Every structure is written in structure tokens, then in C-alpha cells.
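J.: Using the sequences and the hints, build the whole thing.
The residues making up each chain are set out below.
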Amino acid sequence: MLRTALRNVLAHRARLSMTALAVMLGVAFVSGTLVFGDTTVQALRGASAKSLENVAVSVQAETERAETGTAPDGEAGGGRTTALTSDLADRIRTVPGVASVHPVVNGTATLAARDGRPLNADNSWQNLATNYAPDNGRDGRDSRYPLAAGRGPLNGGEMALDRRTAEKAGYRVGDTVRFAVDGPTLAKRLVGTVDTDDPRVTAGGTLALFDTGTAQRLFLRAGRFDELAVGSAPGTDDERLTRAVGALLPAEGITATSGARLADEQAKQIAEGTKGLTRMLLVFAGIALFVGVFIIANTFTMLIAQRGRETALLRAVGASRRQVVRAVLIEAALLGLLASAAGFTLGLGIATGLGPLLNTGGAGLPDGPLVISANAWVWSLVVGVGVTVLSAWLPARKAARIAPVEALRGVDQAPSPSGTLLRDIFGGLLAGLGVLIMLYLSAQKDGSETNIMIAALGSVLTLTGVVVLAPLLSRPLVLLIGAVTARLFGVTGRLARENALRNPRRTAATASALMIGLTLITGLNVAGGSIEAAVRDEAVRGLTADYQVSNAGSGGIDPALATRVARIPGVTDTTPLASSVLDVRGEFTTLAGADPRRLGEVSDLAFRSGSLTDLGPGRIALSGELAERTRLSTGDTFTGALGFDAHRQKLTVVGVYQYSRAIGHAIGAMDDVLPHADGGKLDSILLKAAPGHRASGLDQDIRQALGNSPLLQVRDQEQLTEAESGMIDEMLGMMYGLLAMTVLIGGLGVVNTLAMSVFERTREIGLLRAIGLGGKGVRNMVCLESVVISLFGALLGIGTGVFLAWACGSLAGASLPAYETDLPWARLGLHLLLGLTVGILAAIWPARRATRLNMLRSIGTP
Amino acid sequence: MSTQTAASVPARPPAVSAAGATALSKVYGEGEAQVVALDSVSVEFERARFTAIMGPSGSGKSTLMHCVAGLDSVSAGSARIGDIELSALNDRQLTRVRRERVGFVFQAFNLLPTLTALENITLPMAIAGREPDRRWLDTVVAKVGLSERLGHRPAQLSGGQQQRVAVARALVSSPEIIFADEPTGNLDSRAGSEILAFLRDSVRELGQTVVMVTHDPVAASYADRVIFLADGRITDELLAPTAESVLDVMRRFGS
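Just so you know, the protein sequences line up as chains A and B, in that order.
The first sequence lines up with residues 1 to 862 when you count with the UniProt record's numbering.
The second sequence lines up with residues 1 to 255 when you count with the UniProt record's numbering.
Don't read these hints as lab results, they were simulated from the structure.
Quantities reported herein were computed from a predicted structural model and do not represent experimental measurements.
It is possible that some hints are incorrect.
As the list claims (entries may be wrong) - Facing chain A, according to a computed beta carbon distance under 10 angstroms, are these residues of chain B, among others:
{"hint": "1", "residue": "G20"}
{"hint": "2", "residue": "D72"}
{"hint": "3", "residue": "R98"}
{"hint": "4", "residue": "R169"}
Stated by the list, open to error - Chain B residues, not near chain A, derived (Cβ > 10 angstroms throughout):
{"hint": "5", "residue": "G103"}
{"hint": "6", "residue": "L123"}
{"hint": "7", "residue": "G129"}
{"hint": "8", "residue": "L206"}
{"hint": "9", "residue": "R225"}
{"hint": "10", "residue": "D231"}
Unchecked claim - Cβ-Cβ distance ranges computed for the label pairs, FRET-style:
{"hint": "11", "chain 1": "B", "residue 1": "T22", "chain 2": "A", "residue 2": "I844", "range": "38 to 44 angstroms"}
{"hint": "12", "chain 1": "A", "residue 1": "R397", "chain 2": "B", "residue 2": "S40", "range": "55 to 61 angstroms"}
{"hint": "13", "chain 1": "B", "residue 1": "H215", "chain 2": "A", "residue 2": "I844", "range": "52 to 58 angstroms"}
{"hint": "14", "chain 1": "A", "residue 1": "R397", "chain 2": "B", "residue 2": "S87", "range": "50 to 56 angstroms"}
{"hint": "15", "chain 1": "A", "residue 1": "A316", "chain 2": "B", "residue 2": "E32", "range": "25 to 31 angstroms"}
Backbone N, C-alpha and C define an ideal beta-carbon position, used for all residues, glycine too.
T.: This is the structure we're talking about:
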């Protein structure tokens with residue numbers, strides 16, 4: 001039987017090639033994801049291990065908030081301090097086995113490039129800054145940061161940069177570098193560049209180095225450190241050294257951790273961090289394979305139908321049912337094995353390309369050699385072969401049921417009519433249940449965990465139900481589409497329609513493979529488009545200001561700057577906004593503070609009750625959602641806790657307004673808020689421009705007036721909207737790319753079905769040619785059948801996708817009140833066009849085969 | 001080549017050729033494997049006559065029909081339908097000739113299973129984008145006795161009925177010539193004789209030209225003229241044949 005199976009695979013290699021391709025693509029996706037995951041984790045681990053290479057013990061302390069005065073040069077310090085001092089470092093140096101102690105100061109600094117534009121300001125947390133601390137007894141070099149050019153910074157007027165950072169910014173040694181730590185612009189001379197493997201930097205961040213004293217003044221406090229990195233002498237047991245160092249530590253809140261443990265923890269964090277991405281990719285691989293199942297099952301069904309007489313002959317000469325099943329399964333396993341092996345190779349290519357692709361989107365993954373674990377290839381083969389064999393199972397059982405007498409019948413059996421009532425009832429129940437669940441969901445109004453689970457269940461039920469019902473649905477829908485093709489193309493259109501109707505199960509299975517991809521793409525498109533529309537709507541709602549000035553870092557804006565902005569020519573109204581944490585009856589929110597009279601000039605909040613003028617000391621307004629959640633309404637008084645110090649204060653609600661992203665969920669008087677704001681800084685300044693000044697580069701004037709700090713953001717309404725919606729676009733783009741794979745596999749299914757149909761209808765095609773249908777007519781007929789099937793799948797998919805997206809819309813609920821299902825008609829039309837294109841492309845090869853059939857041999861075969 | 005002319009044949013007007021071949025050769029394969037299917041055959045098929053081509057298996061009778069009908073290319077010589085030289089035409093032009101001037105009835109598998117009997121009958125005209133002549137269609141349908149079954153699919157028709165649909169399809173476009181390839185090969189004798197009667201009547205009553213390939217002497221006896229082929233050459237010809245006279249000629253071959 002093995003030989004029969006092997007011969008069959010070889011004999012049908014052309015017809016099996018599409019199936020093999022489908023399996024291959026699915027497996028490529030799986031293996032690519034697994035290899036990519038392993039490679040990324042390995043590379044990140046390598047980077048973290050390298051950074052900890054010379055750290056035997058790491059001494060770290062809790063950060064405390066420090067009372068700091070503002071230094072005159074703007075180097076105000078981080079407003080924090082630790083218990084790690086030079087003293088402590090010196091004492092640790094005396095512990096036997098300690099070879100070196102690197103005292104470390106950590107912070108962030110965002111650079112302005114040479115041409116003035118801010119560098120990576122939107123991800124300011126990635127822009128690392130630390131101290132360049134020369135090793136003991138060396139020639140003034142820090143072994144952690146090998147110099148690429150120049151020397152390390154020695155005093156407060158100097159700094160060094162990572163080599164890549166310097167290249168990106170266009171700075172050379174000797175240039176003056178402008179940067180900001182949390183607010184104002186600072187400048188220092190670049191004296192050297194270094195190399196680093198820090199994944200945050202390789203992924204697009206920057207690295208700035210200062211001498212220790214400067215770093216302490218910028219980020220911490222003189223004489224204090226964030227970490228003491230202890231290096232050990234050769235032959236020292238790090239664990240024992242850790243205990244020895246630990247014994248030396250005076251205060252509570254300081255801990256000594258061995259380098260090995262730190263590396264372990266980092267590795268764990270890294271694995272956790274990449275798990276989400278890997279899991280998402282695997283979900284898409286799973287979808288691709290699921291779509292593949294339809295094609296594989298369809299192929300084997302068709303092959304077995306064609307081989308009916310052959311199988312019957314086998315049965316007649318004594319093969320048992322079990323042997324027939326086994327032969328088919330072995331054939332499937334062989335196919336799965338070959339396709340999986342090819343898919344795995346392709347997957348390596350995907351894994352190689354995925355990293356750079358994700359990095360262009362700012363994922364920040366380090367480079368590294370491909371890591372091919374046994375895990376990856378074993379799973380790829382198991383999944384590929386498993387899916388193929390399982391898909392062939394039902395067709396194989398069908399094959400075994402072929403009666404031996406079939407061998408004696410002269411004519412091919414017409415395919416049995418397949419509208420089995422049981423299947424339709426089952427499909428109806430599934431789909432009905434799914435639709436009911438989705439309808440229930442659409443009446444809910446929040447995105448809680450339970451509702452998401454319900455949405456997933458309902459979607460799967462609905463989709464499965466539609467797939468099961470597809471043969472039943474095929475008749476009316478194909479008739480509908482066929483009416484169009486028949487009208488446009490006459491007899492070939494009519495023949496195409498009849499051919500598509502001939503075997504509803506096959507048409508349905510083929511269309512289903514396409515439908516799943518289109519359902520997902522449509523659903524994503526509708527939901528994504530609706531979310532984007534809502535975000536765009538909310539981003540600047542209630543805001544009439546022309547510009548918002550804010551800090552891209554966490555430093556806020558100095559209140560003194562507000563008066564400077566107001567004096568800029570062309571600026572008419574300025575309203576400073578501060579914010580502070582507010583605990584409203586257990587709900588944590590942000591209370592914005594502003595001068596109520598001036599706020600009216602730059603906003604038009606829609607008040608449901610009360611008004612802006614009612615605001616004042618102790619009198620605040622809440623958004624509708626917050627009021628609802630906290631059961632507060634105009635006139636109520638409660639005791640709120642303000643700021644990180646939880647200052648308790650009696651507050652009266654004097655108004656309820658429609659939520660605005662620019663303002664937030666609560667607004668009060670500036671005098672109540674500013675004392676509790678983080679660092680006593682402003683959040684943003686809203687301003688209006690005098691007519692005629694908007695277009696003339698007022699934003700540049702504002703930047704200049706405020707010292708042109710790279711962290712300074714001056715954004716008009718459009719830029720604010722883009723900042724909110726841009727990320728959604730990026731994410732949707734990536735998902736479309738992944739789902740395109742499923743459509744591709746669906747398209748392969750159409751090619752497959754058509755090729756089979758052409759093969760089965762050889763004599764019909766010969767007859768049509770004989771009585772006068774030209775080659776073009778035959779090509780049209782095959783192509784139109786393909787189009788009819790594809791459009792059927794596309795219509796089902798788009799319809800299901802729209803319904804699911806509509807029902808899931810309620811999940812956006814409270815977090816996005818402006819959400820409304822927004823049907824992107826143009827894009828839906830594009831999807832239909834996509835279905836049409838898939839149909840036309842899929843027909844190319846089968847149609848060529850059909851026109852090249854030898855007419856006489858076709859008719860002659862009795 | 002011997003010609004037997006029966007005394008009872010009525011005098012006919014000078015025959016005009018509807019199709020024919022001159023020094024037609026057809027060779028399959030090359031070198032050692034070369035097979036000569038037709039060896040310089042010249043023949044004319046007169047208009048409004050029923051001609052049968054007979055011969056044993058492998059005699060080249062089907063090949064002759066295929067070449068003259070424009071279904072197959074020729075290796076040497078020429079084949080004509082009316083005054084159109086087929087060997088000069090490309091596939092597109094040949095398709096057009098078949099569609100507009102030729103009707104076909106095959107041994108089996110004449111109909112598209114997805115179309116009704118009526119749709120099958122009008123298929124060539126639908127392909128050509130022409131409206132069938134309603135009255136002529138009714139006449140043909142009535143003639144083959146299918147009026148009651150026009151809405152049926154081929155699977156719901158008997159073998160004889162299916163062949164009648166095929167004959168109706170060939171007749172309905174009033175082609176210059178109808179080629180029938182063993183049209184009764186798959187039928188029982190009663191259904192077979194019905195089909196043959198239809199073909200004969202279409203020649204006698206409607207002036208149709210029919211060329212039929214067969215190996216059945218009884219079927220051949222319905223024709224006005226029988227041409228005998230053996231080893232790719234015409235060996236004999238019989239006018240106004242009967243089953244017995246055809247058998248006689250065949251026996252002579254055999255011995």
C-alpha cells in the first residue's frame with residue numbers, strides 16, 4: 001500500500017502541488033515565527049548577558065524623592081535621590097575579591113540633531129543617558145563603553161555619544177551638542193564616541209554619556225548613584241561575594257544581587273516581552289493553516305472522486321476498507337512531509353526578514369544569528385503533517401465506502417447531490433447561536449474580559465456556522481452573481497454559473513477558504529476604521545486652541561514659560577494647564593487645572609449641566625463618563641485626594657461635560673491643582689494664534705522663544721490628531737500584511753479547484769470546442785467560474801466581517817465613547833475587487849490548460 | 001477501385017460538393033513510430049446526400065471525418081468545406097467554420113450535463129451570439145419528437161433521447177454539412193434506427209447534407225452512398241446500399 005501511495009503522490013504531483021503550496025505557506029509561517037522568536041530571545045539575552053558580563057554583584061537602592069532647589073543653569077537634578085554614595089562604593093572596594101566598582105547614574109536625555117530637529121523625541125524613554133566612569137587604575141577609560149573616537153568626557157562642559165547616535169544626529173567630535181533632560185535646552189561639547197550593544201539603543205534609541213559629576217547633577221544628586229556595579233577578581237565566587245557585599249550595606253532599601261541572578265531576571269523579562277509578539281504571529285499562522293485545511297480536504301475529496309473506479313478496483317481485488325483509508329492517509333502524510341520540509345526552509349527566510357521589518361516599525365529588536373531549535377522544526381513538521389493527514393481523514397473514509405461494483409460501471413458517477421438536511425440544520429444552529437451571542441454582545445457597553453471571551457466565542461460560532469452553511473448559501477448567491485456574468489458574457493457566463501453550481505460542496509469549500517481571510521480583513525478594517533474615526537473625533541474635541549505646547553518627556557513645563565509664550569507676537573490667548581492625580585471615591589483620574597475664564601478662549605467643552613464659569617477653588621467639573629461611574633452629579637460634594645501626597649480636600653461638582661481628550665475627565669481651578677502637580681510643573685499650554693499668523697511659522701517662533709528644547713512639542717490640531725491615530729494605522733498595516741497570507745492561500749484553493757474541474761470536464765470542453773466555442777470562449781468560461789466562486793467567497797466574507805465588527809463595536813464602549821461603526825464603503829469595494837482579482841489570477845493557469853486540451857482526444861475518451 | 005451501381009438508383013441532378021478532400025494524408029508520430037492514418041485520400045461529399053464512411057477499426061474512417069470537419073490538422077493534401085480550404089485556417093478561423101457551417105453528432109457525450117435539452121440544442125447559436133429561428137427550431141424539435149422534454153437535463157433523458165437532442169442541435173443551425181461519428185454506437189437497435197431515420201429524413205425532406213462514420217452495415221444502409229476505407233485508403237464505394245450489399249463488400253475485404 002505504501003508503494004501505491006507513493007505512486008499516487010508522484011502521479012498527481014501537478015494536481016497536488018497547490019495543496020502542497022498551501023501546507024508549505026502555513027508551515028513556513030509557523031516555523032518562521034518560532035525561529036524568529038528563538039532568534040530574538042537569544043539576541044536579547046546575548047545583549048543583556050554582555051552588558052552584565054563584568055558585573056559580579058549589582059548594588060541597587062530604592063529611589064527617593066528629593067527636595068531640590070532649582071539650579072540656576074537648569075541642571076536641576078532629577079528631583080530624586082538614593083542612599084548609594086561614593087562612601088559606600090569606597091567601602092565595597094575594600095571587600096576581598098572585589099576588583100572594581102563602577103558607580104552608575106541613569107537618566108534620559110533627548111538630543112537635537114545638528115540641523116535642530118529633535119531625535120526620537122516621541123520615545124524619549126529610549127534616549128538613555130549615563131555616566132562615563134573610568135575604571136580604576138586604567139588610563140581614564142570606561143571598559144563598558146569602548147571608545148570609537150576621541151576620549152571620554154572629563155568635566156561639565158563635555159559629553160560623549162554612542163557612535164550610531166552621533167551619525168544619526170550628524171555630530172562630529174568637537175561639535176556642540178544640544179539636548180534636553182526634562183525641559184530646557186542644554187549644550188555640551190562632544191569629545192568622543194563609543195560603541196554599545198544596548199538593545200534599546202540598537203533599536204532606535206540614543207545614548208549620551210557625561211562625566212559622573214555632571215550626570216549626578218543632571219539626573220540625581222551630587223555624590224549619589226543609581227547602581228554600584230561590582231566587578232570581581234578572577235577566581236572569586238560571585239555568590240559568596242554578593243553575601244559579603246550585602247553584609248556591608250547599611251540601610252534598608254539597598255540590595256545586593258549577583259550578576260548571574262540579574263541576567264536570569266532580565267532573560268525572563270525578555271522572554272515575557274517577546275511572548276506577546278510571538279503569540280500573535282502564531283495566531284496568524286494558525287489561521288493560515290486553518291484555511292489550508294479546506295484546500296487539503298477539498299483536494300483529497302476531488303482526487304478520491306476521480307479515482308473512484310481505481311479504488312473500487314482495489315476493493316474488488318481484495319483490499320480492505322482499512323487498507324484504502326491507510327493508503328490515502330499515507331499519501332497525505334508523504335505530501336505533508338515534503339511540503340513541511342519546503343515550508344520550513346521558506347520559514348527561515350521569513351524569520352530572517354521579520355526582524356528588520358518589525359524594526360522599521362520601531363519594535364527595537366537586536367540583530368543576531370538565526371537560532372534553529374529542535375523545537376521549531378519538530379513543531380513545524382508535526383503541524384504540517386498533522387494538518388494534512390487530519391484534513392485527508394474524512395475524504396479517505398469516503399473513499400473506503402466506494403462499493404467494488406463501481407469498478408464495473410462504465411460511466412463516471414455524477415457527484416451525489418450534497419444538500420444534506422442534517423448538515424444544513426447543524427450549520428443553521430451554529431450560525432444562529434453565534435448571531436444571537438453577537439446580538440447580545442452588541443447590547444453590552446464595555447470591553448471587560450468576559451465580554452471579550454463572549455465576542456471570541458460568538459465570532460467563532462458565527463464563522464463556523466457560515467462555513468457549514470456555505471453549500472446551502474452557494475445556490476442563491478452563485479445564481480445572483482451568475483446572473484451578472486451571464487448578462488455580461490452570454491453563454492460562457494451562463495456555463496460558468498452552471499459549473500459553479502454543479503457541486504455546491506466543492507464550490508462552498510473553495511469559497512470558504514477565501515471567505516475566512518476576507519472576514520478577518522473586513523472585520524479588522526471596519527473595527528480599525530471605526531476606532532480610528534472615533535480617536536480622530538475625540539483627539540481634538542472640545543479644543544479650539546490652535547496650538548498645544550507640551551513636553552515629550554516627563555518633565556512638564558516650567559510655569560514661568562507661560563508668560564514668555566504669551567508675549568510672542570501673533571499669540572493671542574494662552575491658557576496654561578496643570579494636572580494632578582485625583583482620587584474620586586476610589587476612581588483614580590487626572591484633574592486638570594486651568595484659569596476657568598481663560599479656558600473658554602481655547603476650548604468649547606459641551607456642558608450637560610453647569611458651565612465653565614462655575615469653576616473655582618474647590619469647585620470642579622467632571623466628564624459624563626466619570627460622573628456616571630462615580631455616581632456624582634452637579635451639586636454633590638465629596639472629599640478627594642489630590643496629588644501623590646494624597647492631599648485631602650473637599651470638592652464640589654459644579655458641572656458635567658462631554659469628555660475631551662485634550663482636557664481629560666476632570667477640570668478644576670489652577671490654584672487647586674498646581675501645588676499638587678508633579679514637580680510643580682505645567683502639563684501643557686494651549687494657545688490661539690492671531691489671524692494670519694498660523695501659516696507663517698508661528699510654531700517655530702514658539703519653539704525659539706522657549707529655547708528650542710528637543711523635548712518641546714508644539715503641535716497644531718492636525719498633528720495632535722495624527723499622533724493619536726498614527727499608531728492604529730501602523731498596527732492595522734501589520735495585521736493586513738499577515739492576513740494577506742490567508743487570502744493568498746485561499747487563492748491557491750481556487751486554482752486547485754479549477755484545475756480539478758478542468759480535468760474532470762475534459763470531454764465537455766472538447767465538445768464545446770467541436771461545436772464552435774473558440775479558445776477565448778473556453779478561457780472565459782473557466783475564468784468566469786473562478787470569478788463566480790471567488791466573489792461568492794468575498795461576499796460571504798465581507799458580510800460576515802461587517803456583522804462581526806459591528807457586534808464587537810460595543811467592546812470599545814466606555815474607553816472610546818465616540819465609537820460608532822463606520823462602514824468604509826470604498827475599502828469594502830476594494831475587498832470585493834480583491835476577491836475578483838483573486839478569481840481572475842487563480843484562473844490563469846487552469847484556463848490555459850483548458851484551451852490547450854487536445855479536442856479530439858478529449859471527445860474520444862469514452 | 002470498383003464501383004457497383006445498382007440499377008434502381010434514381011437519376012439525380014449533377015451533384016455539388018458540400019465538402020471534400022484531395023490527396024489528403026494524415027501521419028501520426030515520427031520515424032520508427034510513424035503511423036500513416038490516411039494515405040492520399042481524395043473524396044467528395046455531395047450536397048443534400050447522406051454519405052456513410054465504413055471500414056474496420058484503424059482503417060482511418062474517423063480520421064478522415066475529423067480532418068474534413070476541421071477538428072484535426074492534415075499532414076498533406078487539402079480538405080474543404082464548401083469552397084473554404086481548411087488547411088489554410090488557424091484555430092480561431094477553424095472554430096468559426098465549425099460554428100457556422102458544420103453540425104456534429106458524436107457517439108457519446110454529446111450534451112453538456114448542466115444545460116437543459118433546449119439549451120443544448122441552441123448552444124451553438126448561443127455561442128455564436130445568434131437568435132435561433134423560432135419556427136425552424138419548433139420544426140426541428142417536433143421532428144425529433146422532443147417537444148415534451150425540452151426542460152429536462154441530459155441525466156433525465158434516455159440514451160436515445162440524448163442522441164435525438166444531439167441531432168436536433170446539429171440540425172437547428174442549418175449547417176452546410178453534418179458529421180456524425182458512430183451516432184448509434186451506444187444505442188439499442190430501436191433507438192438507433194430512430195436516429196438513422198431522422199438523419200435520412202433530414203437529407204430527403206430538408207435537403208441537409210450528412211456524412212456518417214459507422215461500422216454497422218445496417219446503419220450504413222440508411223445512406224445514399226457508402227465509402228469503404230481500409231489502411232488509410234478508399235477501397236470501394238456503393239450507391240443506394242442495402243444491409244446485404246454492404247455486408248457483401250465487407251466480406252470481400254475480409255477474404
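J.: Now tell me if each hint is right for this structure.
T.: These are the hints, each one checked on the structure:
1. Of the supplied interface hints, the one on B:G20 is violated, with its beta-carbon coming no nearer than about 20 angstroms to a beta-carbon of chain A, more than 10 angstroms.
2. Taken as an interface hint, B:D72 checks out: its beta carbon lies about 6 angstroms from the nearest beta carbon of chain A, inside 10 angstroms.
3. Taken as an interface hint, B:R98 checks out: its beta carbon lies about 5 angstroms from the nearest beta carbon of chain A, inside 10 angstroms.
4. Among the interface hints, the one on B:R169 holds; its C-beta lies about 7 angstroms from the nearest C-beta in chain A, closer than the 10 angstroms criterion.
5. The Cβ of B:G103 does not lie farther than 10 angstroms from every Cβ of chain A; its closest approach is about 8 angstroms, which violates its non-interface assignment.
6. A beta-carbon of chain A comes within 10 angstroms of the beta-carbon of B:L123; the shortest separation is about 7 angstroms.
7. The Cβ of B:G129 sits about 6 angstroms from the closest Cβ of chain A, inside the 10 angstroms cut-off, so the non-interface label is violated.
8. With 10 angstroms as the threshold on Cβ separation, the claim that B:L206 sits away from chain A holds: the shortest Cβ distance comes to roughly 19 angstroms.
9. Distance check on B:R225: its Cβ is at least 25 angstroms (rounded) from any Cβ of chain A, clearing the 10 angstroms threshold; non-interface status holds.
10. B:D231, annotated as away from the interface, keeps every beta carbon of chain A farther than 10 angstroms; the closest lies near 20 angstroms.
11. Under the hint 38 to 44 angstroms, the C-beta atoms of B:T22 and A:I844, about 41 angstroms apart, fit the expected range.
12. About 59 angstroms separates the C-beta atoms of A:R397 and B:S40, a value consistent with the hinted range of 55 to 61 angstroms.
13. Checking the proposed 52 to 58 angstroms range against B:H215 and A:I844 shows it is violated: the Cβ atoms sit about 43 angstroms from each other.
14. Restraint check, A:R397 to B:S87: a C-beta distance of roughly 54 angstroms satisfies the suggested window 50 to 56 angstroms.
15. Remark: the range hint 25 to 31 angstroms for A:A316 to B:E32 is contradicted by a beta-carbon distance near 38 angstroms.
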